[in-house]
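Participant: Next come the chains, spelled out residue by residue.
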Amino acid sequence: MSHLSEEQLDQIIAEERARPQPPLNEWRTIAARAREEGLIRESSSSGWVSSQPWMQAAAAVLLLVGGIGIGRSTMGLPSATQTPSAPPTASTAPADPVGATAFGSSDTTFASLEEATATLDRAVTDYKRATAFLAANNSSARSSDSLAMYSARLVALDKVFDATESALQTAPHDPVINQYYLATMGARAATRQMVARPVALRGF
Amino acid sequence: MSEMPIDQLDLKRAIAGDERAMQRLWSQHASHIDAVVRRLCGDPELAADISQEVWMQIFRALPSYRGDSQFGTWAHRIAVNRTLNALRKIRRIANLEIDIQDDSAITENDSDRTFLAESIEQAMTKLSPGARAVFVLHDIEGYTHGEIGEELGITPGGSKSQLFKARAKLKKLLANLMDESTTVAPKGKVHVAPI
Chain A
1 MSHLSEEQLD QIIAEERARP QPPLNEWRTI AARAREEGLI RESSSSGWVS SQPWMQAAAA
61 VLLLVGGIGI GRSTMGLPSA TQTPSAPPTA STAPADPVGA TAFGSSDTTF ASLEEATATL
121 DRAVTDYKRA TAFLAANNSS ARSSDSLAMY SARLVALDKV FDATESALQT APHDPVINQY
181 YLATMGARAA TRQMVARPVA LRGF
Chain B
1 MSEMPIDQLD LKRAIAGDER AMQRLWSQHA SHIDAVVRRL CGDPELAADI SQEVWMQIFR
61 ALPSYRGDSQ FGTWAHRIAV NRTLNALRKI RRIANLEIDI QDDSAITEND SDRTFLAESI
121 EQAMTKLSPG ARAVFVLHDI EGYTHGEIGE ELGITPGGSK SQLFKARAKL KKLLANLMDE
181 STTVAPKGKV HVAPI
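Protein sequence lines, in the order shown, are assigned to chains A and B. Going by the working numbering, the first residue of the first sequence is number 1, and it counts up by one from there. Going by the working numbering, the first residue of the second sequence is number 1, and it counts up by one from there.
Heads up, some of the hints might be wrong.
Some, not all, of what chain A presents toward chain B, calculated at C-beta under 10 Å [what the hints assert, rightly or not]:
#1 HIS3
#2 LEU4
#3 PRO22
#4 LEU24
#5 ARG35
#6 ARG41
Facing chain A, according to a computed beta carbon distance under 7 Å, are these residues of chain B, among others [stated by the list, open to error]:
#7 GLN23
#8 ALA30
#9 ALA48
#10 SER51
#11 MET56
#12 PHE59
#13 ASP139
#14 LYS172
It is worth saying that the hints were derived from the structure and are not from the lab. Computed from a predicted structure; not experimentally measured. All C-beta atoms, glycine included, are put in the ideal place defined by N, C-alpha and C.
Take the sequences, apply the hints, and build the full model.
Facilitator: Listed below in structure tokens is the structure:
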């Protein structure tokens with residue numbers, strides 16, 4: 001058995017240097033440590049949507065609701081904001097955090113325009129009720145500055161709500177304004193409940 | 001190593017505790033940073049633990065990053081320093097100066113006489129921790145002997161001596177690998193790391 005030459009060893013070293021290697025840990029492991037040490041601050045981890053699961057779910061539904069607004073406008077239907085009284089089917093179902101009851105499976109088909117419209121209205125109603133329910137029953141929030149955060153969020157949402165409501169007077173069928181109006185309305189209601197809850201229930 | 005300039009906004013956000021900004025920094029540099037930790041440790045499980053400490057130290061030290069060097073270079077220094085400290089604490093590198101000067105740390109033992117490595121990573125595990133540190137830092141990471149001396153608390157001459165012996169042992173351990181390989185080393189290739 002002969003030894004390698006210096007050049008051969010250098011070649012192996014160069015290959016080792018260039019060899020891609022995966023990280024030793026997953027980000028969630030690093031993030032958990034960083035969170036323990038206070039290096040990650042929840043309040044700055046995201047925008048106005050909290051990192052709490054229920055708010056993330058709500059955010060996902062907000063996009064859905066935005067789509068509803070756009071869909072309604074595209075079809076030339078009156079917006080949900082103009083038809084506050086939902087169809088009779090809207091009020092009996094239990095609160096569903098993600099509106100699954102309303103939408104069913106992805107292969108749902110509709111027999112008529114009226115049926116599809118009723119489903120859309122039901123989804124909006126379910127979304128509002130689910131958001132309110134989660135806000136009223138969630139106790140996972142825990143941060144010393146939660147109240148300040150929610151208050152600041154509420155002030156911001158109030159401003160957005162006023163602005164979009166005012167804009168709807170001029171352009172009641174604009175899909176983008178409808179989207180923001182509906183999204184803000186739901187988030188504002190949920191935030192108001194969080195601000196109004198007793199401190200102990202906020203999980204401080 | 002060439003790298004993209006760090007996004008200053010990401011840096012500010014990471015300092016403020018923004019998880020997504022921190023994750024972006026980690027994603028961009030984890031493979032390079034973790035590689036040096038893995039090589040210095042020679043033990044994947046230990047390396048994974050130390051890597052966590054390294055990244056915590058990098059995030060803690062973010063406010064002190066002034067941009068004088070590339071972020072990857074700055075973080076790499078932290079990784080090397082933190083890993084060597086961790087190895088000292090758990091006595092993987094005990095009395096490093098003695099380890100470095102002691103030829104027995106390099107000389108093959110009975111089991112090594114019959115051992116043929118299948119990769120340089122495997123072969124490096126047969127080096128003493130001190131010799132591995134010198135080899136990794138010089139030949140793979142590109143440190144000078146003076147820089148290694150500062151990191152390990154030895155003289156540049158001691159570092160050179162240790163590197164010579166480490167390379168001699170690796171050439172022997174890896175002989176089988178090159179015998180089986182059809183790759184021919186390029187002629188005239190010179191030692192790439194700075195002396």
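Participant: So, for every hint listed, does it hold in this structure?
Facilitator: Consistency of the hints with the structure:
{"no.": "1", "hint": "HIS3", "verdict": "holds (4 Å)"}
{"no.": "2", "hint": "LEU4", "verdict": "holds (4 Å)"}
{"no.": "3", "hint": "PRO22", "verdict": "holds (7 Å)"}
{"no.": "4", "hint": "LEU24", "verdict": "holds (4 Å)"}
{"no.": "5", "hint": "ARG35", "verdict": "holds (8 Å)"}
{"no.": "6", "hint": "ARG41", "verdict": "holds (3 Å)"}
{"no.": "7", "hint": "GLN23", "verdict": "holds (5 Å)"}
{"no.": "8", "hint": "ALA30", "verdict": "holds (4 Å)"}
{"no.": "9", "hint": "ALA48", "verdict": "holds (4 Å)"}
{"no.": "10", "hint": "SER51", "verdict": "holds (4 Å)"}
{"no.": "11", "hint": "MET56", "verdict": "holds (6 Å)"}
{"no.": "12", "hint": "PHE59", "verdict": "holds (5 Å)"}
{"no.": "13", "hint": "ASP139", "verdict": "holds (5 Å)"}
{"no.": "14", "hint": "LYS172", "verdict": "holds (5 Å)"}
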